[in-house]
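Listed below, chain by chain, are the residues.
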Amino acid sequence: LAKTTQPISMDSYEGQEVNITCSHNNIATNDYITWYQQFPSQGPRFIIQGYKTKVTNEVASLFIPADRKSSTLSLPRVSLSDTAVYYCLVGDDYGGSQGNLIFGKGTKLSVKP
Amino acid sequence: DSGVTQTPKHLITATGQRVTLRCSPRSGDLSVYWYQQSLDQGLQFLIQYYNGEERAKGNILERFSAQQFPDLHSELNLSSLELGDSALYFCASSEGSPGMNEKLFFGSGTQLSVL
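Sequences listed follow chains A and B, in order.
Position 77 of the first sequence, counted from 1, bears residue number 256 in the working numbering, the numbering being contiguous throughout.
Position 22 of the second sequence, counted from 1, bears residue number 10 in the working numbering, the numbering being contiguous throughout.
Looking at chain A on its own, in the form it has when it is part of the complex (with noise of 0.2 Å):
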């Protein structure tokens, strides 16, 4: 199974970047680099998948170097809204014969006004 590391918590002010890095050194070829946003009591929503390189949509943008083994999710001006707690995923399989695609704990952002 692909491990994920990423930081427990974060704060960030409104109107700043924030960027989220996960580690995951022994991701496969097949994998992909997933992550979900999940505020209290709700349950997480996809925002941004990515293979290699570079992917941005309305919401984030996702930067994965070449090797891999690390990404970055990119949140550009923060409100108080996106405080939540951010997951990385690496995998190709949720459930599956493999079932590699496992949420940890991840990472609580904390945006202060």
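Bear in mind the hints are in silico, worked out from the structure with no lab data behind them.
Honestly, I wouldn't trust all of these hints.
Unchecked claim - Computed cross-link-like contacts, BS3-like style, restricted to lysine-lysine with a CA-CA straight-line distance of at most 27 Å:
#, chain 1, residue 1, chain 2, residue 2
1, B, Lys(-3), A, Lys291
2, A, Lys248, A, Lys233
3, B, Lys91, A, Lys233
4, A, Lys182, B, Lys91
5, A, Lys182, A, Lys231
6, B, Lys(-3), A, Lys284
7, B, Lys91, A, Lys231
8, B, Lys(-3), A, Lys287
9, A, Lys231, A, Lys284
10, B, Lys45, A, Lys284
11, A, Lys248, A, Lys182
12, A, Lys231, A, Lys248
13, A, Lys248, A, Lys287
14, B, Lys(-3), A, Lys182
15, B, Lys91, A, Lys287
16, A, Lys287, A, Lys231
17, A, Lys248, B, Lys91
Following the hints, put chain B in place on chain A, whose structure we already have.
Relative to chain A, chain B alone:
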């Protein structure tokens, strides 16, 4: 709105009892997943169904069981409940091509309180 519907939203019961949690996946999704989230814990994968068949089991207790019906809705049955079973139970669905990388869509969860 993710399109995944879970009922009930809240459930309060006593130890030793049995409850059933229900999940309706997004229209067209074939895979259903169940997760448990306790206070200060990450999401624990319990079980996955694909088109009516069990596809994978995670850390699901023997007291728990699930099934996916022909209309693709799923039920999670929890029996002989213990205090430690108190948690948020999430259902998620995906398009469900086995082995393909996918995005999960989560319901809003069922908060189970065992007293």
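Results for each hint:
1. B:Lys(-3) - A:Lys291: Distance of about 30 Å is beyond 27 Å: violated.
2. A:Lys248 - A:Lys233: holds (14 Å)
3. B:Lys91 - A:Lys233: Measuring from Cα to Cα gives roughly 18 Å; hence the hint holds.
4. A:Lys182 - B:Lys91: Between Lys182 of chain A and Lys91 of chain B the Cα gap is close to 19 Å, so the pair holds against 27 Å.
5. A:Lys182 - A:Lys231: Holds, at about 18 Å.
6. B:Lys(-3) - A:Lys284: Holds. Lys(-3) of chain B to Lys284 of chain A sits at ~23 Å (cutoff 27 Å).
7. B:Lys91 - A:Lys231: holds (17 Å)
8. B:Lys(-3) - A:Lys287: Distance of about 24 Å is within 27 Å: holds.
9. A:Lys231 - A:Lys284: Holds. Lys231 of chain A to Lys284 of chain A sits at ~24 Å (cutoff 27 Å).
10. B:Lys45 - A:Lys284: Answer holds: Lys45 of chain B to Lys284 of chain A is near 20 Å, not above 27 Å.
11. A:Lys248 - A:Lys182: This hinted pair holds, its Cα atoms lying about 11 Å apart.
12. A:Lys231 - A:Lys248: It holds: about 10 Å lies between the C-alpha atoms, which stays within 27 Å.
13. A:Lys248 - A:Lys287: holds (22 Å)
14. B:Lys(-3) - A:Lys182: With a Cα-Cα distance of about 32 Å, the restraint between Lys(-3) of chain B and Lys182 of chain A is violated, given a limit of 27 Å.
15. B:Lys91 - A:Lys287: holds (21 Å)
16. A:Lys287 - A:Lys231: holds (25 Å)
17. A:Lys248 - B:Lys91: holds (21 Å)
Of the numbered hints given earlier, the model fails hints 1 and 14; all others are met.
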